[in-house]
Amino acid sequence: MAEKALFHQVHMKNGHKSWWDVVPAQSAKHAAACFQNNDIAVINVDCLGWCLVELAWDGNNVVFRANTDVCDCYFEPGVLGYDFLMNYFQVAVGEIMESVRESYDY
1 MAEKALFHQV HMKNGHKSWW DVVPAQSAKH AAACFQNNDI AVINVDCLGW CLVELAWDGN
61 NVVFRANTDV CDCYFEPGVL GYDFLMNYFQ VAVGEIMESV RESYDY
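With the UniProt record's numbering as the guide, the letters of the sequence shown map in order to residues 1 to 106.
Treat the hints loosely; a few may be bogus.
No farther apart than 30 Å at their CA atoms in a straight line, the calculated lysine-lysine pairs in the DSS-like style are these [stated by the list, open to error]:
hint, residue 1, residue 2
1, K29, K4
2, K13, K29
3, K29, K17
Restraint ranges, calculated between C-beta atoms of paired labels, are given here [as the list claims (entries may be wrong)]:
hint, residue 1, residue 2, range
4, A41, V100, 36 to 46 Å
5, D105, N38, 43 to 53 Å
6, S99, K29, 17 to 27 Å
Since the hints were made in silico from the structure, they are not lab data. All C-beta atoms in this analysis are idealised placements derived from N, C-alpha and C, irrespective of residue type, glycine included.
Model the full assembly from the supplied sequences, consistent with the hints where possible.
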């Protein structure tokens, strides 16, 4: 099952280095808030647009794969952006969970 979500590339720096990460988010402001704290400064947020997201069952959890222009992303429990995608795709996640329950005869 594939759907689309809005993704952003967040450019950050601290006292030692600069780097970027890609997260699903409602807006650039929401994406920046995922990282901004006393130790990390968000220096720029680029909107990557609506990207195709694949939902799958990995045997233990629902996981998400997304292909953006800058990288391929994998979201599993504990990865920043996973909870956002779980909520965003709650209907599709429910369908996957129901299918898993049926296959195990719960």
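Consistency of the hints with the structure:
For the hint linking K29 to K4, the alpha-carbon distance of about 20 Å falls within 30 Å, and the restraint holds. With a CA separation close to 17 Å, the supplied pair K13 and K29 stays within the 30 Å bound. Between K29 and K17 the CA atoms are separated by roughly 22 Å; this keeps the pair inside 30 Å, and the hint holds. Checked against the hint of 36 to 46 Å, the pair A41 and V100 passes, with Cβ atoms roughly 42 Å apart.
The beta-carbon spacing between D105 and N38, approximately 50 Å, falls within the hinted interval of 43 to 53 Å. Under the hint 17 to 27 Å, the C-beta atoms of S99 and K29, about 36 Å apart, miss the expected range.
When each numbered hint is compared with the structure, a violation occurs for hint 6 only.
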